[in-house]
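**Q** Construct the complete structure from the given sequences, taking the supplied hints into account.
Residue numbers (this note's numbering), protein chains in the order written: chain A, 160 to 272; chain B, 2 to 116.
Calculated directly from the structure, the hints in this document are not laboratory data. Quick caveat: nothing in here was measured; it's all calculated off a predicted structure. Be careful, since some hints might not be right.
Listed below are several chain B residues computed to face chain A (Cβ distance under 10 Å; list not exhaustive) [claimed, not checked]:
{"no.": "1", "residue": "Q7"}
{"no.": "2", "residue": "Y36"}
{"no.": "3", "residue": "G41"}
{"no.": "4", "residue": "L46"}
{"no.": "5", "residue": "Q49"}
{"no.": "6", "residue": "V56"}
{"no.": "7", "residue": "D57"}
{"no.": "8", "residue": "S59"}
{"no.": "9", "residue": "Q60"}
{"no.": "10", "residue": "P62"}
{"no.": "11", "residue": "F66"}
{"no.": "12", "residue": "A103"}
{"no.": "13", "residue": "K104"}
{"no.": "14", "residue": "F106"}
{"no.": "15", "residue": "F107"}
{"no.": "16", "residue": "G110"}
Note that the Cβ used here is the ideal one computed from N, Cα and C, for glycine as well.
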Amino acid sequence: AQSVTQLGSHVSVSEGALVLLRCNYSSSVPPYLFWYVQYPNQGLQLLLKYTSAATLVKGINGFEAEFKKSETSFHLTKPSAHMSDAAEYFCAVDTNAGNMLTFGGGTRLMVKP
Amino acid sequence: EAGVAQSPRYKIIEKRQSVAFWCNPISGHATLYWYQQILGQGPKLLIQFQNNGVVDDSQLPKDRFSAERLKGVDSTLKIQPAKLEDSAVYLCASSLIGGGGAKAFFGQGTRLTVV
Numbered sequence: 160a161q162s163v164t165q166l167g168s169h170v171s172v173s174e175g176a177l178v179l180l181r182c183n184y185s186s187s188v189p190p191y192l193f194w195y196v197q198y199p200n201q202g203l204q205l206l207l208k209y210t211s212a213a214t215l216v217k218g219i220n221g222f223e224a225e226f227k228k229s230e231t232s233f234h235l236t237k238p239s240a241h242m243s244d245a246a247e248y249f250c251a252v253d254t255n256a257g258n259m260l261t262f263g264g265g266t267r268l269m270v271k272p
Numbered sequence: 002e003a004g005v006a007q008s009p010r011y012k013i014i015e016k017r018q019s020v021a022f023w024c025n026p027i028s029g030h031a032t033l034y035w036y037q038q039i040l041g042q043g044p045k046l047l048i049q050f051q052n053n054g055v056v057d058d059s060q061l062p063k064d065r066f067s068a069e070r071l072k073g074v075d076s077t078l079k080i081q082p083a084k085l086e087d088s089a090v091y092l093c094a095s096s097l098i099g100g101g102g103a104k105a106f107f108g109q110g111t112r113l114t115v116v
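**A** So this is what it looks like as structure tokens:
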């Protein structure tokens, strides 16, 4: 079985500040990990994914995430928040065996001017 | 490249009525998924198709929900009869292959309100 926990359902940062969204996973087999972003009234858009190559993964819009096996974490970061980053972010896990994408509960990012 | 198309965008029905959602995946994508996203929660997989066969429907409430993917392209998801707790956004997604880190592309979803 696999599961995802996102710590903090709401995160608020000031424009220009560091963004850190936390994700921890559990999986009995090596996982594939994803971050998706959902803007209001839109579908989910893939930000980045980890597929067992480099542990530091760079995605779109300046986001990156680091896979840490020892901590079972895949936290999402961005050095400087922009107003347009305000959205809901979902971490998800998949495995070869599971063939099923399991999502966390989501974190709503708010960016203050 | 055209994305995943879903219709309708919004639907309001009374409890015990039936409703159907339609999804047209990206051309050439063999795998199609239906997710249910309740307000404030992450999407939950309801059913996964590989071409026109079901790969996983373990979380589909089969007493009221049904889905089909005839000819391995378009898909419909039906709820009959609907309950208040079925109010959610129903997301359709498709990918070239299934599982193993495959990138899934999502439609905009159908927002269902059951009153």
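**Q** Against this structure, judge whether each hint is valid.
**A** Here's how the hints hold up against the structure:
At about 8 Å, the closest approach between the beta carbon of B:Q7 and any beta carbon in chain A falls short of 10 Å, and the interface hint on this residue holds. Using the Cβ-Cβ criterion of 10 Å, the hint placing B:Y36 at the interface with chain A is satisfied: the shortest such distance is roughly 8 Å. Interface restraint check: B:G41 against chain A, minimum CB-CB distance 8 Å, threshold 10 Å, status holds. Hint status for B:L46 relative to chain A: holds, with the closest Cβ pair at about 6 Å, below 10 Å.
Interface restraint check for B:Q49: the shortest CB-CB distance to chain A comes to about 7 Å, inside 10 Å, so the restraint holds. Given hint, B:V56 at the interface with chain A, holds; its Cβ is 6 Å from that chain's nearest Cβ, closer than 10 Å. Annotation: interface hint on B:D57 holds; nearest CB of chain A at approximately 6 Å, less than 10 Å. The restraint placing B:S59 at the interface with chain A holds, with a minimum CB-CB distance near 9 Å, inside the 10 Å limit.
The beta carbon of B:Q60 is positioned within 10 Å of a beta carbon in chain A (closest approach about 9 Å), and the interface hint is therefore held. For B:P62, the suggested interface contact is broken, since its CB lies about 17 Å from the closest CB of chain A, more than 10 Å. The beta carbon of B:F66 is not positioned within 10 Å of any beta carbon in chain A (closest approach about 17 Å), and the interface hint is therefore violated. Annotation: interface hint on B:A103 holds; nearest CB of chain A at approximately 8 Å, less than 10 Å.
At its closest, the beta carbon of B:K104 sits 6 Å from a beta carbon of chain A; the interface hint therefore holds under the 10 Å criterion. Hint status for B:F106: holds, given a least beta-carbon distance of 8 Å to chain A, under 10 Å. Restraint check, B:F107 versus chain A: the minimum CB separation of about 4 Å is within 10 Å; hint holds. The criterion of a C-beta within 10 Å of any C-beta in chain A is met by B:G110, whose closest approach is roughly 6 Å, and the hint holds.
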